[in-house]
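When you get a sec, could you build the whole thing from the sequences and use the hints?
Chain residues, written in single-letter form:
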Amino acid sequence: MNTPTTPADPMIRVNKLEKHFGHLKVLRGISFELSRGEVLVFIGPSGSGKTTLLRCLAQLEVPDSGEIWIDGARFDQRTRRSVGMVFQQFNLFPHLSVLGNITLAPRLVRGTSREAVTAEARELLRRVHLLDKAGAYPSQLSGGQQQRVAIARSLAMQPKVMLFDEVTSALDRELVKEVLQVMKELAEDGMTMVVVTHELWFARNVADRIFFIDHGVVVEEGPPERIFSAPKEERTRRFLGDLV
Amino acid sequence: MSGLVFLQVAPYTFRWDVLIPYVPAFAWGLLITFEVSIAAEVVGILLGLIAALARLARWPALRVIAIAYIDFFRGVPLLATLVWLYYGVSLLFGISFSAFSAGVAGLGITYGAYLAEIFRAGIQAIPKGQTEASRTLGLTSRQIMQYVILPQALRITLPPIGNTFVSMLKDSSLIAVLAVTDLMRQGMIVASDTFRAFEAYTFVAIIYYLVTVIVARGLAFIERRYAVSR
Numbered sequence: 001m002n003t004p005t006t007p008a009d010p011m012i013r014v015n016k017l018e019k020h021f022g023h024l025k026v027l028r029g030i031s032f033e034l035s036r037g038e039v040l041v042f043i044g045p046s047g048s049g050k051t052t053l054l055r056c057l058a059q060l061e062v063p064d065s066g067e068i069w070i071d072g073a074r075f076d077q078r079t080r081r082s083v084g085m086v087f088q089q090f091n092l093f094p095h096l097s098v099l100g101n102i103t104l105a106p107r108l109v110r111g112t113s114r115e116a117v118t119a120e121a122r123e124l125l126r127r128v129h130l131l132d133k134a135g136a137y138p139s140q141l142s143g144g145q146q147q148r149v150a151i152a153r154s155l156a157m158q159p160k161v162m163l164f165d166e167v168t169s170a171l172d173r174e175l176v177k178e179v180l181q182v183m184k185e186l187a188e189d190g191m192t193m194v195v196v197t198h199e200l201w202f203a204r205n206v207a208d209r210i211f212f213i214d215h216g217v218v219v220e221e222g223p224p225e226r227i228f229s230a231p232k233e234e235r236t237r238r239f240l241g242d243l244v
Numbered sequence: 001m002s003g004l005v006f007l008q009v010a011p012y013t014f015r016w017d018v019l020i021p022y023v024p025a026f027a028w029g030l031l032i033t034f035e036v037s038i039a040a041e042v043v044g045i046l047l048g049l050i051a052a053l054a055r056l057a058r059w060p061a062l063r064v065i066a067i068a069y070i071d072f073f074r075g076v077p078l079l080a081t082l083v084w085l086y087y088g089v090s091l092l093f094g095i096s097f098s099a100f101s102a103g104v105a106g107l108g109i110t111y112g113a114y115l116a117e118i119f120r121a122g123i124q125a126i127p128k129g130q131t132e133a134s135r136t137l138g139l140t141s142r143q144i145m146q147y148v149i150l151p152q153a154l155r156i157t158l159p160p161i162g163n164t165f166v167s168m169l170k171d172s173s174l175i176a177v178l179a180v181t182d183l184m185r186q187g188m189i190v191a192s193d194t195f196r197a198f199e200a201y202t203f204v205a206i207i208y209y210l211v212t213v214i215v216a217r218g219l220a221f222i223e224r225r226y227a228v229s230r
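Taken in order, these protein sequences are the chains called R and U. Number 124 in this note's numbering belongs to position 124 of the first sequence; there are no gaps in the numbering. Number 191 in this note's numbering belongs to position 191 of the second sequence; there are no gaps in the numbering.
Treat each hint with caution, since some may be false.
When the alpha-carbon atoms are kept at most 20 angstroms apart in a straight line, the in silico EDC-like pairs for lysine to aspartate or glutamate are as follows [stated by the list, open to error]:
id: 1; chain 1: U; residue 1: Lys128; chain 2: R; residue 2: Glu33
id: 2; chain 1: R; residue 1: Lys160; chain 2: U; residue 2: Glu132
id: 3; chain 1: U; residue 1: Lys128; chain 2: R; residue 2: Glu61
id: 4; chain 1: R; residue 1: Lys160; chain 2: R; residue 2: Glu120
Covered stretches of chain R (in silico footprint by chain U; criterion: 3 or more residues with CB under 8 angstroms from a CB of chain U, positions within the stretch not fixed) [claimed, not checked]:
id: 5; segment: 64-74
id: 6; segment: 194-200
It should be emphasised that the hints constitute simulated quantities derived from the structure, not laboratory data. Glycine included, every Cβ here is placed at the ideal spot set by N, Cα and C.
Following this line, the structure appears as structure tokens:
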């Protein structure tokens, strides 16, 4: 089970993942590998299974079949902490301050002292450019600020992989950029990331690889330059055509 | 000229002055009413919270017990519960407890059934995203309930809980049948002492009315303050 990991091991290995809700097959055998520090962007029409895939990686859904390995270990309850997730609707804790949101899980789960956790949280807030909002409550923040707090909260558990599920879709146009900027910086710092997004700027400039999925299967994959300039598949071409 | 017969009714003369010697007794009764109500509300809140958590538990047996408790005590009249507890339990088990304890227990157990449903609604009103975010942060189910769901649920259930306390102040008058000398019981005593039942019960009714209105307004004030200062 706990085989020692080597840097050569992929950070994520997904093998023939399948998931259905009732008669609806949402994921139909998805497989991929992701190296340490790589940024993978999923694009595809709504209902294509992108979000379900992320939710399986975050253990919010149980796949019907297939395997997920994170950093060489079979993904189970104990390894859950190695994957962080940021949601479309932020899901900040409204009854806690920004600092409270970030420090809750480290204190409860990692058992770190309040002082150490607070120092870490301040460092994370600096990284997402919100140090001045430590004492604010979520309701006092803009959507973009809330989402950046959510990113900091997730990072506080020191995950090996970060999942982003359409994190800018609920934001006003002018707030999208500040969130994407933070994600770009995170990628540049070497975080392994799986991103579901409709933001082509991000896909083009930050992603190492792009997966186009539709109807629960990977239709096409490749580096962003190629996917955007010369998509092989007709479906990919049509999807990108609709977006641009 | 018509077939109507008018009863000759002597005009009733109120004699409020007969109540004056009993003012300390009424005050004492009001104090007992508050004691019983507060104690029973605390019992009700604790039982209600436990029942709500059991009602939402993963283990089916717990859910069944919680549902049975809620159904039973919402279905049985409070007066029946009180009398049964006070007289029945001592007969069945040979343990006797004071009328005060029986009253607090009966009121608390019954109110717990209603409060359980209030707490359950509050817990279920918290968006699923809160639980999901907590899970991805590695919190256990118990930690999620304790640190994420309950603090938010209790905040939104505060107004309905306040309402149950206002009802409690009035429903506690039923324990007068167990001879607990609360405000209602004092009214009964004064009525039979003075043969002025109308005055005694009117006076008692007015006090209940004033007390519930004042408490309700006070709770509304606290609610507003709390809402503003989050």
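Query raised in the report: Among all the numbered hints in the text so far, which are the ones the structure does not match?
Result: Result: hints 1, 5 and 6 break, sorted rising.
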